[in-house]
Amino acid sequence: MPSRTMIEAIRSAMDVSMERDDKVVVFGEDVGFFGGVFRCTEGLQKKYGASRCFDAPISESGIVGAAVGMAAYGLRPVAEIQFADYMYPGYDQIVSEAARLRFRTAGDFTAPMVVRMPCGGGIFGGQTHSQSPEALFTHVSGLKTVIPSNPYDAKGLLISAIEDDDPVIFLEPKRLYNGPFDGHHDRPVVPWSKHDLSEVPDGHYTVPIGKAVVRREGSAVTVLAYGTMVHVAEAAANDTGIDAEIIDLRTLMPLDIDTIVRSVEKTGRCVVVHEATRTSGFGAELAAEVQERCFYHLEKPVQRVTGWDTPYPHVHEWEYFPGPKRVGEALIEATAKD
Amino acid sequence: MPSRTMIEAIRSAMDVSMERDDKVVVFGEDVGFFGGVFRCTEGLQKKYGASRCFDAPISESGIVGAAVGMAAYGLRPVAEIQFADYMYPGYDQIVSEAARLRFRTAGDFTAPMVVRMPCGGGIFGGQTHSQSPEALFTHVSGLKTVIPSNPYDAKGLLISAIEDDDPVIFLEPKRLYNGPFDGHHDRPVVPWSKHDLSEVPDGHYTVPIGKAVVRREGSAVTVLAYGTMVHVAEAAANDTGIDAEIIDLRTLMPLDIDTIVRSVEKTGRCVVVHEATRTSGFGAELAAEVQERCFYHLEKPVQRVTGWDTPYPHVHEWEYFPGPKRVGEALIEATAKD
Amino acid sequence: MTEFAPLSLHVPTRPSPQDNATIDTSRLSPAGAVRRPAVDVDPTEIHDLAYKLVRVLDENGEAQGEWAAALEPDVLRKGLRDMMKTRAYDQRMMRLQRQGLTSFYMQCTGEEAVACAFQSVLEKGDMNFPTYRQQGLLIAQDWPVVDMVNQILSNSADRIKGRQLPVMYSAKEAGFFSISGNLGTQYIQAVGWAMASAIRNDTRVAAAWIGDGSTAESDFHAALVFASVYRPPVILNVVNNQWAISSPQSIAGGERTTFAARAHGYNIPSLRVDGNDYLAVKAVSEWAVERARRNLGPTLIEWVTYRVAPHSTSDDPSKYRAKDASAAWPLGDPITRLKTHLIARGEWSEERSVQLEAELDQEIAAAAQEARGFGTLHDGPKQSPATMFEDVYKDMPRHLREQRQKLGY
Amino acid sequence: MTEFAPLSLHVPTRPSPQDNATIDTSRLSPAGAVRRPAVDVDPTEIHDLAYKLVRVLDENGEAQGEWAAALEPDVLRKGLRDMMKTRAYDQRMMRLQRQGLTSFYMQCTGEEAVACAFQSVLEKGDMNFPTYRQQGLLIAQDWPVVDMVNQILSNSADRIKGRQLPVMYSAKEAGFFSISGNLGTQYIQAVGWAMASAIRNDTRVAAAWIGDGSTAESDFHAALVFASVYRPPVILNVVNNQWAISSPQSIAGGERTTFAARAHGYNIPSLRVDGNDYLAVKAVSEWAVERARRNLGPTLIEWVTYRVAPHSTSDDPSKYRAKDASAAWPLGDPITRLKTHLIARGEWSEERSVQLEAELDQEIAAAAQEARGFGTLHDGPKQSPATMFEDVYKDMPRHLREQRQKLGY
Ligand SMILES: Cc1ncc(C[n+]2csc(CCOP(=O)(O)OP(=O)(O)O)c2C)c(N)n1
Ligand SMILES: Cc1ncc(C[n+]2csc(CCOP(=O)(O)OP(=O)(O)O)c2C)c(N)n1
Ligand SMILES: [Mg+2]
Ligand SMILES: [Mg+2]
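Protein chains in written order, with full-length UniProt numbering: chain A, 1 to 338; chain B, 1 to 338; chain C, 1 to 409; chain D, 1 to 409.
This is chain A alone, in the form it adopts within the complex (with noise of 0.2 Å):
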């Protein structure tokens, strides 16, 4: 099996996609010649022709809008927006519209569309391209919210949101386009061909949403991670030596709940890692359920590792990411025998 890219595995899920379903089509800033300012479109538009991978204007209320017509044409729209960081201007579109589409009508329209978005830190983006606003979709009722970390998952779980009859929000952690990176920004750089889960088949397959992985088997402490996050999990794992099971969630919304808990039950002690802000972040949502679910098993309280509470700052970026060196004094805290 080839070795891929996070980059050319999400590429090849759209390129097969469009194969398999004309209905299938790819719009963004930047998307259609050109390939997208990450290529993750490259290509497309001269395979399948500029009405199904074409350039859009720069609006982002303009993308979403689109799309959500063109779903309810009955079409398989995938909008690319172009950082995560510029999705508010459609928001709108998101939240009042395409997640509550199906509902609103009682089925008679649905909103089947994909929007995908490079999130996360850990390049220098300052702000505006750096951000993960993963919560702000996982509060809203009638999405469904992905982020995978490795190009396997990456593949399969955007095929499988092309195919799903809901409105997918479709987060790809940038520093992970290249390479597995783990938080040590100070280590050469590893390309994905070292990982085994860059071993991407050609063809069609899909890794259902829904559902999270154990990424690495433990006993002392619960890691919850999602992309970026779950390579840094691991790396302070290996870092302290610390018995960490380590779950990469990969959807947020609709969130696996039983792989979760039944981690949390066998190890007691649960620490939850994103790089969002710490207030109101999805990490919240975590701890919260856990704490319900999990009460009488857990030793420690949840502890949360995050972005700090203020803008994603530029020359900061290593003080402000949460990098292994954090996770693993959470770990340390969380399996320490009071």
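Treat the hints loosely; a few may be bogus.
[What the hints assert, rightly or not] Chain B stretches covered by chain D per the calculated footprint, using a threshold of three residues with CB under 8 Å from any CB of chain D:
#, segment
1, 57–68
2, 148–161
[To be verified] Counterexamples of contact, computed for chain D against chain A with all Cβ distances above 10 Å:
#, residue
3, Ser8
4, Arg14
5, Ser26
6, Asp48
7, Asn60
8, Glu62
9, Leu71
10, Met94
11, Lys161
12, Pro310
13, Thr336
14, Arg345
15, Glu351
16, Ser353
17, Gly373
18, Leu377
Think of the hints as simulated: they come from the structure by calculation, not from any bench. Please read these numbers as outputs of a predicted model, since none were measured by experiment. All C-beta atoms in this analysis are idealised placements derived from N, C-alpha and C, irrespective of residue type, glycine included.
Assemble chains B, C and D with the ligands onto chain A, guided by the hints.
This is chains B, C and D with the ligands only, laid out in the frame that chain A set:
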């Protein structure tokens, strides 16, 4: 002291502020000549002229964006969004601009402004006149989020918000505009004049942002509530006879965690209530914080009583609304001896 | 530092309460005065039409000029009936709301011609993206009134299960896209739908609808940009009824220009039309739909009309406009105008009108009665609360099943 | 069902790689050909100017027509110097970025005249709301280059404490509003600022800046609507450099019309101007600022120019436009054009140019050197991480103090 409805209290806050500081300007859809669809700005245009209180085009993005520019100039704009459900087109200006201006300029430019919006359900308003989007603001660093539960606080908090040097989201539970609704929708409507906290001084006073208040002392369980749910929680405590301590948060960000911790350490039990959908609602943040800070005092998991994870329905208003019955059940469960 | 006088803010003045017309009469062209361009006209050649007013019916009810088509009397009688039925429907629904059978209602009084005539030129499969004031689109296609009333009453037979505020209809089969409640959002969706039709090499067209006030919303611009770039088969309707709740159209930027003119900067052809003139509406709609159908791209049409009724049942216009402002019917009552035309042609009479009115009132009353049998907002059969958890997603996820159980279902 | 052929989607064609000009030459008026209206002209009387191009300098460097003003040689030499300094600055910053001293940079090569000439007509206290391609606004007012480089390097002396991506300057004192990073948002803010100036009976004016691509954003429309309604003292600048990253201006809706024409539907006067012609930019800027200052309201100006450089240091234009597209300088190099004019007037020489270039390079290099002394993104002194928690709010709330402690400060 005159008894005032919440509407009158809010109007008085703007009146007093405009009188004291001619940099305060008030605008929004139907806000000028008509005085707002809820009449909160009635008479202000007449008194202060059309340059200080005026109608705005139906463009929430324009309203908030213009307010940011006015605030950067040195005014203190108070913008009204007709319903919180319609704030989404202005969300980018709130999140990417108002909230970050001070940080990204190291204080060179600031956005001292207030965005008022009626929120919450209980009026058969359907999905677009009933939402409680507070968690979408509390996740955003740089914003303060305030939500009063009575006329006295509404006036004092709104004056504080207008005088605050940071952008403040001011949520007004519309079901409270004309009376202290406790969720017993089948009982006769109670006017504010029957409620102590409708005694509102004529002139200038403030209620500090960032301070919660214990509305009802008790020892059996702590209830964290805000807006309409304060009254619902009181009803639930009375209905069940449970000795609940009810905290009216008043400000969600910055949160008065001390008052919360003090109470939960005393009661050992905690129920969080809000109207917003459950997943990633502000209750998640409260539960996460409480379990983290009061873990060894908690005898039961923190419970959340919230709106369901569906769009706000029309016909099922009362099945959706977290009324005294559901809150009461949670109180019973939280205080049950197992 | 400067020789300049102090600046001051311009806040548009309001229409004087004395001036009942509240319509800028300087831009009212006489019936028949405006030319009818070819459907493939270059948009720049008809910029002037954005500042005029296409009218067909003159004061005597005669059809005038190039836009006057030879229409069968039956077609016009159907149009008259549609408008009268729409008004009868509004009146009945107002009554139901006042009786407390539902929470809310919105009339389209005075604007019936716009939706009714527009619908008459569409084909099955075309899709409207309406606002809450186009009930005429359903009525003109003889959509079952019972079905509409069921939605108004949020009852057990409501096809959208009581989920939406009354008047927020949805009926795919009728080419009637779900009304959102959030203003403007549907405008770009219509463009997206039309783009999809073009992508699929279909022949169906879309129609977007928006009010004068809502043209200020962001999605109006998004729609025009996308329509300009991809030239999809869409008709961009702006219903200028002069008011947005309490705000006159000047607050939306209509003080010294027209909403039709907005299209110019996007190279989209546009027309300004007397929306109370059934014949003008029908003729211009036909023209625009033909353009769309021939792959000639979008057309923007400003329908000039007047909101005779209050904004909604929650509104009290006496607080912001002269009490008799609506009574003046600035452009005339569209129903009366078409009736006069038919009578002038010898195809109708006052008696038949009176009779039809009674008949329609009967018909609507019967439908309302039937709908009440399925329950009302507060009484009788209604959707089970269990249904509240359905259709959030196609398949109900676990957390919603849990929540449903918690509610006891 | 229908006699119509299948629809198809129009996707704008791209400028042919052969056609280096990539500017629609059909709309290029000769120098001096466009009239100069009175500042209080009715917007409808100058609609034609949105489809022409105000140019002053002809091919021989002579100033032509009604827009040509009698300008002192010193003023023009200052203009030349500003543009050359801007270019020297860009070149030096590119070098710093390539050396890894910072993360990112964006040049304005070819567009220097727009910002430099515009700034020259403003007064102290006026406020620009720029995009990332108006470094000329700072340089033309002789803002300390060290201060700018400090921001580029996110170092210990960076006035915005390393918080923003390089090029996202902010300097209130310089009338330079903070650059956001989110496109379009500042356009309506400028309108709001100008409304505030009018509300306060001030005499200061605001200038909004946006790129061709970003005119598609919602806030462009919001700005035009508010500007149309309240007529505040604001200049609405659209810098049409033909490209938005890889997307030609046709993707923003400029295929068959101009961005200046967008203003017509809002009754805002607009002009289309040769942005590579320092004299034209200065003359039209003066006209628009005078309008604003005289309380005559907003003006929209489309500056036609060309993005000679890549979009940013993250961009590779060879993937989407002809390799030599930029080398052709479709409208000429603004620096060369002004230089030729000065030489033609006998007020300048090639030698002085060469000398000035060297001098400016020196000056910038020295400033860059000085700035490096305050640290760079990855090396040397920088802001303490403790500062990261400041300025989120005026007073640091408890949770941020806790988080700062957690980080060890
Ligand atoms: C995004 C949004 N903002 C505000 C509102 C509140 N609102 C409902 S109708 C209305 C006036 C709309 O006026 P117009 O577009 O002229 O339509 P008309 O009512 O005249 O048909 C307003 C402000 C809303 N529904 N959605
Ligand atoms: C809201 C938003 N969407 C997308 C982007 C990404 N982006 C940055 S620059 C750019 C192109 C802008 O083109 P234009 O407005 O023509 O300005 P130019 O770069 O040519 O000066 C894009 C799409 C952004 N910064 N903000
Ligand atoms: Mg209207
Ligand atoms: Mg550009």
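Okay, the hints, checked on the actual structure:
1. 57–68: holds (count 8)
2. 148–161: Since 0 is below three, the answer is violated.
3. Ser8: At roughly 7 Å from the nearest Cβ of chain A, Ser8(D) sits no farther out than 10 Å, so the non-interface label is violated.
4. Arg14: Given a closest Cβ separation of 6 Å, the condition is violated.
5. Ser26: holds, 22 Å
6. Asp48: Correct as stated: the minimum Cβ-Cβ distance to chain A is 26 Å, above 10 Å.
7. Asn60: holds, 38 Å
8. Glu62: holds, 38 Å
9. Leu71: At about 36 Å from chain A, Leu71(D) clears the 10 Å cut-off, so the statement holds.
10. Met94: holds, 17 Å
11. Lys161: The claim breaks: Lys161(D) does not keep its Cβ more than 10 Å from every Cβ of chain A (closest is about 8 Å).
12. Pro310: holds, 12 Å
13. Thr336: holds, 30 Å
14. Arg345: Check passes; 41 Å lies beyond 10 Å.
15. Glu351: The assertion about Glu351(D) holds, with a minimum of 42 Å to chain A.
16. Ser353: holds, 37 Å
17. Gly373: holds, 16 Å
18. Leu377: The claim is violated: Leu377(D) sits with its nearest Cβ about 6 Å from chain A, within 10 Å.
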